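Undergrad: Position chain E against the provided structure of chain L, taking the given hints into account.
In order, the protein sequences belong to chains L and E. According to this note's numbering, the stretch in the first sequence is residues 18 to 126, in order. According to this note's numbering, the stretch in the second sequence is residues 264 to 404, in order.
Please keep in mind that the hints were generated in silico from the structure rather than gathered at the bench. Everything numeric in this text was worked out from a predicted model, so none of it was measured. One or more hints might be untrue.
Within a straight-line C-alpha distance of at most 25 Å, the following computed DSS-like cross-link-like pairs (lysine-lysine) qualify [claimed, not checked]:
hint, chain 1, residue 1, chain 2, residue 2
1, L, K47, L, K67
2, L, K104, E, K399
3, L, K104, E, K354
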Amino acid sequence: MSAIFQQEGSVLMIHLPADVDHPVSDEIRKESDRIIANVYIRTMIFDFEKTGFMDSSGIGLLMGRYRALGMRQGCIRAVQVNSHIDKLLHLSGVHRYIEIQRSEGEGKI
Amino acid sequence: MENTNEMTLIFDSRPVNEGLARITAASFCTQLNPTLEEVADLKTAVSEAVTNCIIHGYEGEIHKIRMDLRRKGQELFVDITDQGVGIADVKKAMEPLYTTKPEKERSGMGFTFMEAFMDEVTVDSTVGVGTSVHMKKTIRR
Numbered sequence: 018m019s020a021i022f023q024q025e026g027s028v029l030m031i032h033l034p035a036d037v038d039h040p041v042s043d044e045i046r047k048e049s050d051r052i053i054a055n056v057y058i059r060t061m062i063f064d065f066e067k068t069g070f071m072d073s074s075g076i077g078l079l080m081g082r083y084r085a086l087g088m089r090q091g092c093i094r095a096v097q098v099n100s101h102i103d104k105l106l107h108l109s110g111v112h113r114y115i116e117i118q119r120s121e122g123e124g125k126i
Numbered sequence: 264m265e266n267t268n269e270m271t272l273i274f275d276s277r278p279v280n281e282g283l284a285r286i287t288a289a290s291f292c293t294q295l296n297p298t299l300e301e302v303a304d305l306k307t308a309v310s311e312a313v314t315n316c317i318i319h320g321y322e323g324e325i326h327k328i329r330m331d332l333r334r335k336g337q338e339l340f341v342d343i344t345d346q347g348v349g350i351a352d353v354k355k356a357m358e359p360l361y362t363t364k365p366e367k368e369r370s371g372m373g374f375t376f377m378e379a380f381m382d383e384v385t386v387d388s389t390v391g392v393g394t395s396v397h398m399k400k401t402i403r404r
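Here chain L stands alone, though its shape is the one from the complex (with noise of 0.2 Å):
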């Protein structure tokens, strides 16, 4: 399974799939750089909803295209966050760098 890109004005939403790992973070890199290339995009919006796996690749990721992104404040939101996921952006540090949402109805994983 595969990401799903949605790019709307300057906004780039990437939905994410269950497993966000070296292979799968690679691919995301190199297609939202193609988009970025091509459009001007001020905010990216990773969809974890799907998402139950990551590893360190997908913090490189983020962090990369924080950035790509030019490093300004807000331009890198991750929204429907379960709380494995939480738990690899705060240890990384990466939450004082993006904004996150965690998903509803917590607890379970």
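TA: This is chain E only, laid out in the frame that chain L set:
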């Protein structure tokens, strides 16, 4: 003896096999009756160790990675071994945010995540011989 079990998985250092390794570890772990959170933690730790073998140990070349899983009571032992380049300074490699490959957008959080999600992590490495990561996690319930 009861409550002990072990298995070994040997696979090519291809990124697609990261999924195979972590799902195998998660499946093996189910006999300890873990919580979903414990399974998620284990999968991330295994993924980090295997990614390290692929990217750093073998630097993209295709060779074998070995994963040994062992259960003793409620303790789970995971050893992940490559015969790659080895790590000259293990202490440095384990520091948060330290990476030798920033251009590949590696976050430098691999060992930090392994240490955060497992109870014990030790690394044996010899330059030119390879690296072995030993991890232990006690499944609480």
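Undergrad: Next step is simple, just say for each hint if it's right about the structure.
TA: Cross-check of the supplied hints:
no.: 1; hint: L:K47 with L:K67; in the structure: holds, 21 Å
no.: 2; hint: L:K104 with E:K399; in the structure: holds, 20 Å
no.: 3; hint: L:K104 with E:K354; in the structure: holds, 24 Å
Against the hints set out earlier in the document, no violation occurs for any number.
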